[in-house]
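Novice: Sequence:
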Amino acid sequence: MKKCRILIFILGLCILSNLHVHADEKDNILVGAFSQQTLEGWESKKFVNETTYSLVMVDGNMVLKAGSQNSASGLIKKIRVDLEKFPVLNWRWRIENRLAGTFDEKQKSGDDYAARIYVVVSGGIAVWNTRAMNYVWAKNSLKGDVWPNAFAKKNAVMVALQSSQAPVSVWHAEKRNIHEDFKKYFGKKIRFIDAVVLMSDTDNTKKTVTAYYGDIYFSTR
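If you use mature numbering (1 follows the signal peptide of the UniProt record, and there is no 0), the sequence shown corresponds to residues -23 to -1, 1 to 198, in order.
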């Protein structure tokens, strides 16, 4: 039950956010400017042990490195983005190794991912109304699989963008229309999101993994 309460807490963190983006002033909304050697605005939250996050050089670019060993902690960026103007989230990521073993990621005992990105809509003081799209690098689920989060079935939808078929130590670029995804999977037209969360976690499977995240930004298309 501990991780369930922690997950709901993560999803409700946005009620504290007072950061608003004036979307009409920009072409893109930069969420993670790791290439600029900064983690400004990102907050670390430890849940079960601690995943280490640090800025490192890879292939001549500054990126975010995540190292998880039987741990689950994340980085949270509270940022309000207008999805009607900037519906598309863009990023790139890579992993250096896959989580070992066979486990069911749709069950609580297997709810671990080498890399994941949450996009969160706050429920305000009504934490139970918080919703999150969760894009994951899965191990045993297939690319394209979609399922409710094992700990918060009504609050978070999981989408496997990469799986064990994807090569490791190779960058993969992602682009998701967040506006369309919330409407498709939650049946609601969402205008504003309130936070983005990064997490590499291995606390349930007790495994070890290394992942890298490149810059993250919202765009018009």
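There could be a bad hint or two in this list.
[Stated by the list, open to error] Dumping the calculated DSBU-like pairs for lysine-lysine here, alpha-carbon to alpha-carbon at most 30 angstroms:
| # | residue 1 | residue 2 |
| --- | --- | --- |
| 1 | Lys165 | Lys184 |
| 2 | Lys23 | Lys120 |
| 3 | Lys165 | Lys54 |
| 4 | Lys23 | Lys183 |
Source of the hints: derived by calculation from the structure; they are not laboratory data.
Novice: Does each hint fit the structure? Answer for all of them.
Specialist: Hints and how they fare:
With a C-alpha separation of about 36 angstroms, the suggested pair lysine 165 and lysine 184 falls outside the 30 angstroms cut-off, and the hint is violated. For a cut-off of 30 angstroms, the pair hint linking lysine 23 to lysine 120 stands: about 28 angstroms separates their Cα positions. Pair hint lysine 165 plus lysine 54 holds up; C-alpha atoms about 23 angstroms apart against a cutoff of 30 angstroms. A threshold of 30 angstroms between alpha carbons decides the hint, and for lysine 23 with lysine 183 the separation of about 16 angstroms falls inside it, so the pair holds.
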